[in-house]
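Given chain P, put chain S in place with the hints provided.
2 protein chains.
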Amino acid sequence: MKSFAQMDREELRALKTRLEKEFEQEKAKGLSLNMARGKPGASQLAISMPMLDMINSGSDMNTLLGNDTRNYGDWDGIGECRQLLADMMEVDKPNVIVCGNSSLNIMYDTVMRSMLMGVNGSTPWCKLDKVKFLCPVPGYDRHFRITELMGIEMIPVPLGEDGPDMDMVERYVHEDAAVKGIWCVPKYSNPTGITYSDEVVYRFAHLQPKADDFRIFWDNAYCIHHLFEGIEDKIPNILKECEKAGNPNMVYMFASTSKISFPGSGVSAIATSLENMAYIKKFMTTQIIGHDKINQLRHVRFFKNIDGLNAHMKKHAELLRPKFEAVLNILESELTGLGIGSWTRPRGGYFISFDAMPGCAKNIVAKCRELGVVLTEAGATYPYGKDPADSNIRIAPTFPTPEEMVQATRIFVLCVKLAAIEKLEER
Amino acid sequence: MKSFAQMDREELRALKTRLEKEFEQEKAKGLSLNMARGKPGASQLAISMPMLDMINSGSDMNTLLGNDTRNYGDWDGIGECRQLLADMMEVDKPNVIVCGNSSLNIMYDTVMRSMLMGVNGSTPWCKLDKVKFLCPVPGYDRHFRITELMGIEMIPVPLGEDGPDMDMVERYVHEDAAVKGIWCVPKYSNPTGITYSDEVVYRFAHLQPKADDFRIFWDNAYCIHHLFEGIEDKIPNILKECEKAGNPNMVYMFASTSKISFPGSGVSAIATSLENMAYIKKFMTTQIIGHDKINQLRHVRFFKNIDGLNAHMKKHAELLRPKFEAVLNILESELTGLGIGSWTRPRGGYFISFDAMPGCAKNIVAKCRELGVVLTEAGATYPYGKDPADSNIRIAPTFPTPEEMVQATRIFVLCVKLAAIEKLEER
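The listed protein sequences derive, respectively, from chains P and S.
Taking the working numbering, the leading residue of the first sequence gets 1, the next gets one more, and so forth.
Taking the working numbering, the leading residue of the second sequence gets 1, the next gets one more, and so forth.
The following block holds chain P by itself, in its conformation from the complex (with noise of 0.2 Å):
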């Protein structure tokens, strides 16, 4: 395969030519994807279905301990959904504190208290001049969105294979007390798909903040999300690592069924230190009575434990992998030694992260939109949705089936060429 780079002029033209009729072609078609948002399919969602059997007007509606989920109580959660959420974080029960649909909800509102009340007795984040937190890119675009919409500076810091550059990290939290926090999702990371290693996690749990209320947002978003078996990730536990390395304040762990069972009708969950969760509970019953505990019953009797989580996060496995391989494939066969573009091969999570030649990703993303494939926004996965180099684009492969997949995958790749060759054409 010649790369782009290596054509000149005249091969540039004639590719293009025969691309952009080509894309009139498949824009007559007039499709409609999307492969936007890290949304489940219907197939996934079908394997769930069973859990809306496990209560109906006959059960039993008491928990393990005898308490009547249907009234108020329980304000952490029934027992036996913490415990469940508790093994899905590999932490002890006591830390956990079981909440309702959303654990970004859980986020914001840890953001929202630390602002306008402070973390633990700290001054309020609000009242200081200036907060900080890092943000590895390319990351998460609603973890972004919680930050910017309190007004706080984002700083990125380049994401790698291992996770977060560490001495950067290292510098900012040690050197700055306004950094006050960093969101990362360890494993299976939104959108590259890497899982920190080993190092990371102790290098994190070993931080020595400048601002005592600096904290990490631990967003396990896809802890048992492995798409292989065999090859399934595993990282230290960063909750037991702080705790060791005496930090045992400095981390909150979240995490959500919502793409394990019904995304808006799942259980979601924090992990934190007995201290943190004191101060938390303070807020958190002034703010509800209790979350939905017969929906919490609900999960705990259809998963029934840990390894009924993992044996359905298999079946989930068996519907994603023809879906990543789809891309994955079309990539390769396409893009391979053209020098227009690199992609990740994620053993997990929900996304492939995608770099386009510089200055190309909002190009690719309009045009897919007008042959009907919407994408993720260029940009959406760095702070302010400002990509500095205009390259990265998430590919979301969970919602389409593995057909829709590969006529997306084929449109994008079309995309993706015409736009380097327009770039490339500026020069």
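Don't read these hints as lab results, they were simulated from the structure.
Any given hint could turn out to be false.
Just so you know, same-sequence chains aren't split out, so a pair can sit in one copy or run between any two.
[What the hints assert, rightly or not] Below, simulated PhoX-like cross-link-like pairs (lysine-lysine); rule was C-alpha separation at most 25 Å, straight line:
{"#": "1", "residue 1": "Lys281", "residue 2": "Lys386"}
{"#": "2", "residue 1": "Lys282", "residue 2": "Lys386"}
{"#": "3", "residue 1": "Lys314", "residue 2": "Lys127"}
{"#": "4", "residue 1": "Lys127", "residue 2": "Lys282"}
In this text, all values refer to a predicted model and were calculated from it rather than measured experimentally.
Frame of chain P; chain S shown alone:
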């Protein structure tokens, strides 16, 4: 019946001896009854159980518009559930956002957002020297805890038979720019059970706040919670009245099905002007991707429409009336004419409000607890938990059975009498 005040020392002492003996007998029984919180009883929960059969693995999971409730989308609630709650609040569907399981949570978020970010572009309340809320008293302790937690100064406003003292409300709202809100439970108020008069509602709608960011927090906790057929309280709709009066943005209405379906597993909503909603949307779409739409669907499929809701509430009333009557009959037969207490006779809602002789409430609650009857803490119905007269006690008759309510009220009456004698002996 001779009033206690008319009794001489001798008579009081003799009565006291008799009551103390009774007290010891009751104590020996080792009862355990809870009249502390407004929790539905088992019989009420039972009539909502068929709701849990509405959704199972064979169900059509789509909304009327064809959206899949199992996946992300419809951040403001599914259309049919927005309509149901709009009808319950007597507003239009476009003014309603259906949220999670807790209206308290929406109120908390609303105050929190105003504190940190302001109201529709106003200065964030946390940047102001002083923020005040008006608190009709006696009122709902969980409202007061929200404003207390946020450091908002709470100003008690007497609540009469027809609503808050509107002269006082107008004076504060018209003259003091630090007054940013008022907590209202307009129908079957917590705890007195009164309903605001039409005139009170009109005066609310015509307030001319000194502060542009003043808001009425209108908690429709008991809007369809009538106790008697044919004497259902009706009030003008505050959202529509505010609009007519040229104050379209002045009110947030809240409601939930916590005391209709299942506490903790219901659905909640906020209703307000489109301008307020646009501002809220910016925050809510950062906070969550979506609320639990499967549970929304479950509710709509069960209740169908406002007629279904009202029919359901008639069944609740059947179950609640005997409990209220058990309390009221005993209070009447045992305390009438004694001059040691007065109480409300609500036409709806969840509570009976009891005013003991000044200085007696804490003592009564402590005595009841000694006999195994748990009441809401004395003072809870006032800001900061401080009832200046130490007089008001909230009785929650919904959770125990009617038989248990008889037992509990007999004990309550005994403690009221004893506490009164102890107070009179101090003279």
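Requested in this report: State the violated hints by number, sorted upward, taking the hints as numbered earlier in the document.
Outcome: 3
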